[in-house]
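The two chains are supplied separately, each in an independent frame; assemble them into the complex guided by the hints.
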Amino acid sequence: MEEFLQQLTNGLAVGGIYALIALGYTMVYGVLKLINFAHGDLFTIGSYLGLTLLTSMALVDRLGPVAGIAVLVLMVMGLVALVGALLERVAYRPLRHSPRLSAVVSALGASIFFSNALMLIYGARFQVYPQGILPKTAIDLFGLYVPLVRVLMLGTSVVMMIALYTFIQKTKIGTAIRAAAIDQDAARLMGIDVNRVILMVFLIGPALGGAAGLMVGLHYGQINFTMGWVYGLKAFTAAILGGIGNIPGAMVGGILLGVIEALGAAYLSVAWKDAIAFGVLIFILIVRPTGLLGERVAEKV
Amino acid sequence: MIWSRFLTYGLIAAALAACPLFLNPYWTDVLNSIGLYAALGLSLNLIVGHAGLFNLGHAAFYAVGAYTAAILNTHFHIPILMLMPLCGLTAGLFALLIARPIIHLRGDYLCIVTIGVGEIVRIALINNVFGITGGANGIFGISRPNLFGWVIRQPHEFFYLIWAFVALTIFFFHRLENSRFGRALNYLREDETAAEGSGIDTAHYKLMAFVLGAAWAGMVGNIYAAKMTIIAPESFSFWESVVMFTLIILGGSGSIPGVLLGAFLIVGLPEVFRGFTNARMMVFGAAMIAMMIFRTGGILPARPRRYRLPEQYVGEEGA
Chain A
120 MEEFLQQLTN
130 GLAVGGIYAL
140 IALGYTMVYG
150 VLKLINFAHG
160 DLFTIGSYLG
170 LTLLTSMALV
180 DRLGPVAGIA
190 VLVLMVMGLV
200 ALVGALLERV
210 AYRPLRHSPR
220 LSAVVSALGA
230 SIFFSNALML
240 IYGARFQVYP
250 QGILPKTAID
260 LFGLYVPLVR
270 VLMLGTSVVM
280 MIALYTFIQK
290 TKIGTAIRAA
300 AIDQDAARLM
310 GIDVNRVILM
320 VFLIGPALGG
330 AAGLMVGLHY
340 GQINFTMGWV
350 YGLKAFTAAI
360 LGGIGNIPGA
370 MVGGILLGVI
380 EALGAAYLSV
390 AWKDAIAFGV
400 LIFILIVRPT
410 GLLGERVAEK
420 V
Chain B
428 MIWSRFLTYG
438 LIAAALAACP
448 LFLNPYWTDV
458 LNSIGLYAAL
468 GLSLNLIVGH
478 AGLFNLGHAA
488 FYAVGAYTAA
498 ILNTHFHIPI
508 LMLMPLCGLT
518 AGLFALLIAR
528 PIIHLRGDYL
538 CIVTIGVGEI
548 VRIALINNVF
558 GITGGANGIF
568 GISRPNLFGW
578 VIRQPHEFFY
588 LIWAFVALTI
598 FFFHRLENSR
608 FGRALNYLRE
618 DETAAEGSGI
628 DTAHYKLMAF
638 VLGAAWAGMV
648 GNIYAAKMTI
658 IAPESFSFWE
668 SVVMFTLIIL
678 GGSGSIPGVL
688 LGAFLIVGLP
698 EVFRGFTNAR
708 MMVFGAAMIA
718 MMIFRTGGIL
728 PARPRRYRLP
738 EQYVGEEGA
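Quick mapping for you: the protein sequence lines, in order, are chains A and B. One point on numbering: in the working numbering, the residue at position 165 of the first sequence is 284, and numbering is uninterrupted. One point on numbering: in the working numbering, the residue at position 179 of the second sequence is 606, and numbering is uninterrupted.
Isolated chain B, as found in the complex (with noise of 0.2 Å):
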């Protein structure tokens, strides 16, 4: 049983490891934009797949991440990739700050605030805070990223960096959602007065989940950063927050192949149709609203997990 799962992802794993071999630049570098979206997708689907909180102001943590990369690389030279978890912290903090006085909201509601704290940042961005964003223009001169003396350059050596870190982030969504802090937020999603009714501190793992996949969405910047080695506010936009949104709940909420396959479909699927440029959003648009309509939990929705107490303590009263 096991090993058939591990054979199936060996087998997609190794599958899309070739896909540079096969490809030209700019069909991996399309794959290079999947792989980002995905992390942010995984990251936001721990904040909205499964502390069931309506964040629609995620590229605002991908931004604070994106920046400090780029502020500290262009100022002190110090490596792109150095600066991860850098990024992660400075993103979470930010989270945290934010998320404090706000998450005990109601659902539409912290949809609004996230909205509005994403517009302030993209506005702040805009107004060179500080005098260290650049404004508009934003920041350009990021210096390429250096693994050990291997310089990436390429798209098809951006993709091995950016899916081996979709790689790790599926790893430790995955082992997040089988901790005792995934089982609580789960159990919160379902129904919270009854989870704090038996003991969770439903605030705390709100603030936790939130604060958590905030930090996953800037360490997600910093890559974003030292790929493009230009980064303006534009990129950073509400309509980038909506991707994310979307296709976490086409793909499947909480749902990490959902995800997956969302991040394929909603980046993908415009690059395909690349030749209807102009009615590509349109009619995108319009499969939004179908989808909801006729598959509402998404393509690939989360199964309802079982929890099975060990042997020992089965059938002990004679059940």
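Same shape as in the complex, but just chain A (with noise of 0.2 Å):
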């Protein structure tokens, strides 16, 4: 039982991370239709430029752990947004009336791209993170140790996540992007300037990705350039179970598949992990291609 309850708040801790990467996946693919492959990068670049400002600027020794921390957040996503953005504008806006294919590959390109860059830039080692900026400690949860670190992950993953529902449902600009997910000529023809939505899509995905990324770093300790694609794969299938195109669902979604992956590491296979869970990615297309919170469409015709 103790077994049991130690993977799942393991599994909750990852899933949070997985579900903070698939709300990118899920905002572009709703409003864009665009499974955008350099998400994963987007993830690894946050976790780098984290470990740059934290060691460069010495925020933790300044500050003190958490208002320093709470910094480098916000620095982090400002910046990985701006890289977002930055590729929206390059690579995607002018494929937008192309065939579905280019986009793909341009989204692949990307992806070889930034990933090839991290690794000119930092080499193709794995980077540590400084150890000791957060304190080593456990919560007593009923007898049940949580390393504090899992619990502030999984705690800043659902802030985050909540912050984002609330904007997507109450502001203007949420109202104007769950409009261009629909159907995006009626959104322009309803006035709603779809060029500043897509825009938003890609500050919003990639700065929750680089926080993620940030979480990884600091709570693994160790970073590389290749480690996006797994993570990106990984919080896709986690779209795609919640429901692709639906917030919710890819919160639902990245907390369920990091409990699945967690538990099934521990009682059937460590070296089957990821096999797992792309093996719940195709039982899920085939069962159920909406996902769990998707709505069944009629295909247009």
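Everything labelled a hint here was simulated from the structure, so no lab data went into it. Hints may be right or wrong, so weigh each one.
[Stated by the list, open to error] Within a straight-line C-alpha distance of at most 20 Å, the following computed EDC-like cross-link-like pairs (lysine to aspartate or glutamate) qualify:
#1 A/LYS152 to B/ASP535
#2 A/LYS152 to A/ASP302
#3 A/LYS289 to A/ASP312
#4 A/LYS392 to B/GLU661
[Claimed, not checked] Here's a subset of chain B near chain A, in silico, CB distances under 8 Å, partners left out:
#5 LEU499
#6 ILE529
#7 ASP535
#8 GLU546
#9 THR723
Predicted model only: the values in this text are computed from it and were never measured. Using N, Cα and C, we set each Cβ at its ideal position, and we do this for glycine too.
Right, dumping it as structure tokens:
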């Protein structure tokens, strides 16, 4: 039982990360119907930028751990959002009216570009986050010791997700994003600036992905220029699991996938951990292609 | 008209056949890789370019072929090239098994499932599934191909084997393009609803295209195993699938000369720029984006096909 709960908390923490990345996928897919293959690399950029800012500016020494990390998160989110907006402008906007395949290839090209640029800048080896930034204490939760980092990770993810959900549901821009996701042309006729909506999506999604990258760096301590690929694919799986284009779906899917994976690794096999996630993906697509929270849409003819 | 075309192809073939005489083993080997990717690209082209199915997991079927050849060759000492039909068959059956339940999925979903399948196959190979794939180290000690007593060892010998196979591949897919099957696929890609309305069993044709393309990739896997004598899971990673996919889109999806040109560019150019080892992949990524923006259909896009009715059916209504 204790083993189970231990794995469950781990799964929840990792699931929070998947959910944060999945939000970027799901928003882009919702509005543009494009799988942004470079999104996983934006996540990696977040973790590398976080490392650079952390070590070069000595944020934690100057501001203390709480304020230091908070400032770091904001800086990373802002910078990765800029990269995301640039990506949209350069690689996707010119292709908006081209065949689907072209945009997919452009996304793959962007992914190759980003990961190799990171390799050129930082080198191919693993980079290590400085240790001891976050206190290594554990919280006693009814006899279950949960590392503080995990609680913080899940907590931050959940706060960000709730903030995003409120933003999408309550604000004017959020309404515009939802409208553009349903029908771009109709949204344009209603006076919505679709270009601005898409820009917003490419600011918010990458910002959340970058924050997730930073958290992975802080939690695991080691980052590599290729890691975005696996995280990206898992997050995309999470987005499909929950119903792509659906924001609460991405949250549920991410957390669910994290838990399934952690329990699968504990009780089935660690070596097959990644295969379990993809197995879930295939299974979901066969039995319920629109995901858990997705609605069945009639195919347009 | 037709003779000038034969002359052009003949000259290209002759020029290519003379290549190993002038090139050192290294560059001959680069041409061999190009040949393998050209054959893989043509096989994937049937799925992506003709049937319009996004498949980003083609390396999985290539892997099934290569591993079938390697396992049977190392355990039972069957001459490797004799296993080629069997490699095609196993890869094709595997594809049938996989594609059957997923073939109806919409483009992007199919794309993501094939990525998942590719990853699962790779993980299975690393984990030494059934205890026969040799785990992360792969399988080594595959015997050299032996063609009627001629043992193929050197790059220039492989060159003729590989490019003969490429020629066969071109011939096969060219004939297929102009067959009833090829025309049905063409129609299906242009407008699925209309195709279905005019009585084409779209699910069946899609499935057949997927299986046939996968089976052909399995045969290329056999040649790859024979050439390398060692195979390992990393050779069948997602990036292999990406390379196959991009060379089609970049060269011109649905067009045989386009795919060949794509193979030369995608596999050949990075070799030419090997001096700039680190930056070349970054430039490659940027080039992919630029290419899509400035020439969406690829360098040599497929020409729209025109079908002409035989004389006796034309003009009967006095049109």
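Hints, verified against the model:
no.	hint	result
1	A/LYS152 to B/ASP535	holds (9 Å)
2	A/LYS152 to A/ASP302	holds (11 Å)
3	A/LYS289 to A/ASP312	holds (18 Å)
4	A/LYS392 to B/GLU661	holds (18 Å)
5	LEU499	violated (25 Å)
6	ILE529	holds (6 Å)
7	ASP535	holds (6 Å)
8	GLU546	holds (5 Å)
9	THR723	holds (5 Å)
The structure is inconsistent with hint 5 alone, although it conforms to all the rest.
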